[in-house]
Amino acid sequence: MKYALLIYDQPGSHEALPDQEREAVYAEYFELSRDSRCVGGAQLHPVETATTVEVKNGTALTTDGPFADTKEVFGGYYMFDVANLDEALELAARIPSARLGGKVEVRPIVEQPS
Amino acid sequence: MVGFLGDFHLAEEATADAFAIAADRWRRDGTPANPVGWLVATARNRAIDRIRRERTLAKKTQRLEVPEATVDEIDETEIEDERLELIFTCCHPALATEAQVALTLRALGGLTTEEIARAFLISEETMKRRLSRAKLKIKQAGIPFTVPADHLLPDRLHAVLAVIYLIFNQGYSGRGDLAAEAIRLGDVLASLMPDEPEAKGLLALMLIHHARRRARYSGQDLVLLGDQDRSLWDAGGIAAGREQLDRALALRGRGPYVLQAAVASLQTDERIDWSEIAALYERLAEITGSPVVELNRAVAVAQKGDTYRALEIVDALDLPGYRYLHSTRAELLRRVGRREEARTAFERALALTVSEPERRFLVRQIAKL
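Heads up: the protein sequence lines correspond to chains A and B, in order. In terms of numbering that gives the first Met the number 0, the first sequence is residues 0 to 113. In terms of numbering that gives the first Met the number 0, the second sequence is residues 0 to 368.
In short, the hints are calculated from the structure, not lab data. Given the structure is predicted, the values throughout are model-derived calculations rather than measurements. We treat Cβ as the ideally placed atom computed from N, Cα and C, and that holds for glycine.
Here are the computed distance ranges between Cβ atoms for each label pair:
(1) A/Gln111 x B/Thr145: 25 to 33 Å
(2) B/Arg337 x A/Arg93: 51 to 59 Å
(3) B/Thr125 x A/Phe73: 32 to 40 Å
Subject to a maximum C-alpha distance of 25 Å in a straight line, what follows is the list of computed SDA-like cross-link-like pairs (lysine to any residue):
(4) A/Lys1 x B/Ala93
(5) A/Lys1 x B/Glu84
(6) A/Lys102 x A/Met0
(7) B/Lys138 x B/Ala98
(8) A/Lys70 x A/Ala3
(9) A/Lys1 x B/Lys136
(10) B/Lys303 x B/Glu269
(11) A/Lys1 x B/Asp149
(12) A/Lys1 x B/Leu151
(13) A/Lys102 x B/Glu97
(14) B/Lys303 x B/Arg338
(15) B/Lys138 x A/Glu89
(16) A/Lys1 x B/Thr145
(17) B/Lys136 x B/Ile121
(18) B/Lys136 x B/Ala98
(19) B/Lys138 x A/Tyr76
(20) B/Lys138 x A/Ile108
(21) A/Lys1 x B/Ala140
(22) A/Lys102 x B/Pro147
(23) B/Lys136 x A/Ala92
(24) A/Lys1 x B/Gln139
(25) B/Lys136 x A/Gly39
Based on the provided sequences and hints, a complete structural model is requested.
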């Protein structure tokens, strides 16, 4: 089964780490992405770079942001192809953000009929 | 069946089919040597039949014939393994606690949806929705039908034990049928995991508590341990509980359920060793860090005669919304002669209680001051 591991960061949590620790944390992210079960993923630029689009009555409305005062901000995701939820949850627990004040949401991916 | 098929709904349908066939065939040919094996084998074949029929319908080709049960292909061990897997699936932490409880009762306790709904005082419709949501999540989220790997087992076993104990406590506070159901589940778990002391500890704890159920109330009124009529205790139940506890201790079990069972066992002695109970609560508090356990320790310390020390322990606790903190504190204050403070504390407990027998008990205590 394929799962998306959606990473919600505590803003500033990674930047606040001392250089050496931060490098070690990034190495952990890299290692997860090199796992043979990893089938995709991306790290997003900070939320300050975001633009939101909404279509109302056929017109696209573009706004800067969002800059809602949310505690955690979506920062990136992995996609893993694993046997079951337990395996996905174990991988999720290895994502550094989860222990740095953030959260990881694990969602199964809808399988497209081939 | 669920484990084999990985699908709750299909398993239920196929099992119903198997029972229908059994009702018919066993009457005609007699009961087979291994009835459970026969049922499982037949249900599996029916399930395969159903799957094929669906596929065949889709392809608009001819239906495949499936042979009837080939008996004795499935032995008891395999069935037991599947039951254990099912327990861990139903109590998976990815499901909400209330869904875990409902699924466990439905899949392993053999209660109907209506019975579960009644036990939890919600409508059958709500319970039906809760169960189907849980089954859908198991399927879509890929919750596995397996006994967790060794490194995950302690946490996951703890979740299973917690669900069974929760069911028991639902029954303990009034609904006796649920308490008996929880004991049955605990018994199944203890025999499926024979090397696991905590499973035996939980079973022992429930058996001993349950054995005292008739003495806990006099009419509608709550009776404290010291005032209980011991002739109303079920001696067989206590003996069965102690046997489980001994086995758990022999397995070197020192976990939270084993400790609680040891306390419950000591409390059934003719002369209660409160020092030993206080020591057990101290170990339990170290493991769990629970202030409620500390409160229980204070009660044991008071019972062994050290009321002032007990009061110190209680006053150090931060449990302002917990009614038993106030009722315990009130009783301790009464014993040291601080009557006005005792009254205030009893009144705070009274304001927090939601149970009618408890309310009457507290009113009696205030009147006695």
